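Heads up: the protein sequence lines correspond to chains V and F, in order. Take the first sequence: its letter number 97 is residue 96 in numbering that gives the first Met the number 0, and every next letter is one higher. Take the second sequence: its letter number 30 is residue 29 in numbering that gives the first Met the number 0, and every next letter is one higher.
Read the hints as simulated data drawn from the structure, not as lab findings. Nothing here was measured: the structure is a model prediction, and the numbers come from that model. One or more hints might be untrue.
Covered stretches of chain F, as calculated for chain V (at least 3 residues, CB under 8 Å) [claimed, not checked]: (1) 21 to 30; (2) 98 to 106.
Just a sample of chain F residues kept apart from chain V, beta carbon distances all over 12 Å, derived [said to hold, decoys possible]: (3) 1; (4) 5; (5) 16; (6) 38; (7) 76; (8) 78; (9) 79; (10) 115.
Just so it is clear, CB atoms sit at the ideal spot from N, CA and C, and this is done for glycine as well.
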Amino acid sequence: MLNPGDYSLCDLAVTTALNAVAQTPIKNLEGILAATIEAKLSYGSGGTSIRAWVQVTLDDGATWIDIACFAFTTSSGVKVVNLSGLTPATTAITPSDGAMADNTVQDGVLGSAMRVKLTSTGTYANTTMSVKVSTR
Amino acid sequence: MNRFLAQLDRRLEARGEDIVLRKRTQAGSTGSFVDATVPAIVRALTVEQLIGLVNQQHFFLIISPTHINRAQWPGGRTPTATGSLIDPADPRIPTTSDQVILRGAVKAIERVAPIFDAGECIRIELSVLG
Chain V
0 MLNPGDYSLC DLAVTTALNA VAQTPIKNLE GILAATIEAK LSYGSGGTSI
50 RAWVQVTLDD GATWIDIACF AFTTSSGVKV VNLSGLTPAT TAITPSDGAM
100 ADNTVQDGVL GSAMRVKLTS TGTYANTTMS VKVSTR
Chain F
0 MNRFLAQLDR RLEARGEDIV LRKRTQAGST GSFVDATVPA IVRALTVEQL
50 IGLVNQQHFF LIISPTHINR AQWPGGRTPT ATGSLIDPAD PRIPTTSDQV
100 ILRGAVKAIE RVAPIFDAGE CIRIELSVLG
């Protein structure tokens with residue numbers, strides 16, 4: 000691929016509720032074959048739930064497709080998934096944008112740009128959410 | 000590419016010293032950070048520059064926006080509500096809230112001066128202390 004490496008998809012202090020807030024994308028990932036994604040919630044207090052959808056685009060950002068959903072509640076945690084761009088998807092999938100079920104993934108669909116969309120409920124305090132990706 | 004930026008990039012590739020730019024996200028006692036390793040020209044201050052409250056713990060750094068863009072530092076951020084060609088809150092330009100790891104030590108950024116030529120950022124000057 001063009002730019003293998005480690006990138007930050009999201010690094011955010013979470014306070015008031017977020018409603019499908021998309022972060023700026025990481026671009027120029029043409030030729031990506033695999034992505035290992037780590038989501039980490041450092042919990043302070045308050046809040047109810049927070050979801051981070053990792054998304055890719057296949058049309059220069061016109062539409063975004065969920066490839067992983069990380070869900071957290073009120074405790075710190077780290078979740079990791081690995082996705083391959085070479086996994087055949089021979090049955091057509093119906094893409095979703097910020098609607099993938101909690102803690103699920105869609106393997107085999109990687110694009111040249113990647114971003115995170117966040118939704119949270121309740122008001123968190125002293126809480127940070129970070130999502131990193133290692134691409135190759 | 001701007002020729003001044005190209006000159007700086009060539010010099011940094013040949014003679015630069017690696018530093019780490021670190022943007023911290025802090026919320027009370029919890030926090031995380033995003034790092035990027037970029038080459039820099041590192042200068043200790045000369046006698047003429049050691050005036051007022053400036054002391055020998057200060058270092059003067061020159062870095063290139065090319066390496067920051069290449070690393071896509073600091074990664075995904077919540078976009079600003081208003082956009083402009085030169086956004087005063089452009090996250091790619093370090094701020095005094097960020098840190099530099101220079102020669103194994105964490106240093107605070109005291110001053111940031113992005114230099115523009117023909118509307119293009121051609122270098123970023125940093126004064127760091129620590």
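**OP:** Hint by hint, work out which the structure violates, then give me just those numbers in ascending order.
**Re:** 2, 7, 8 and 9
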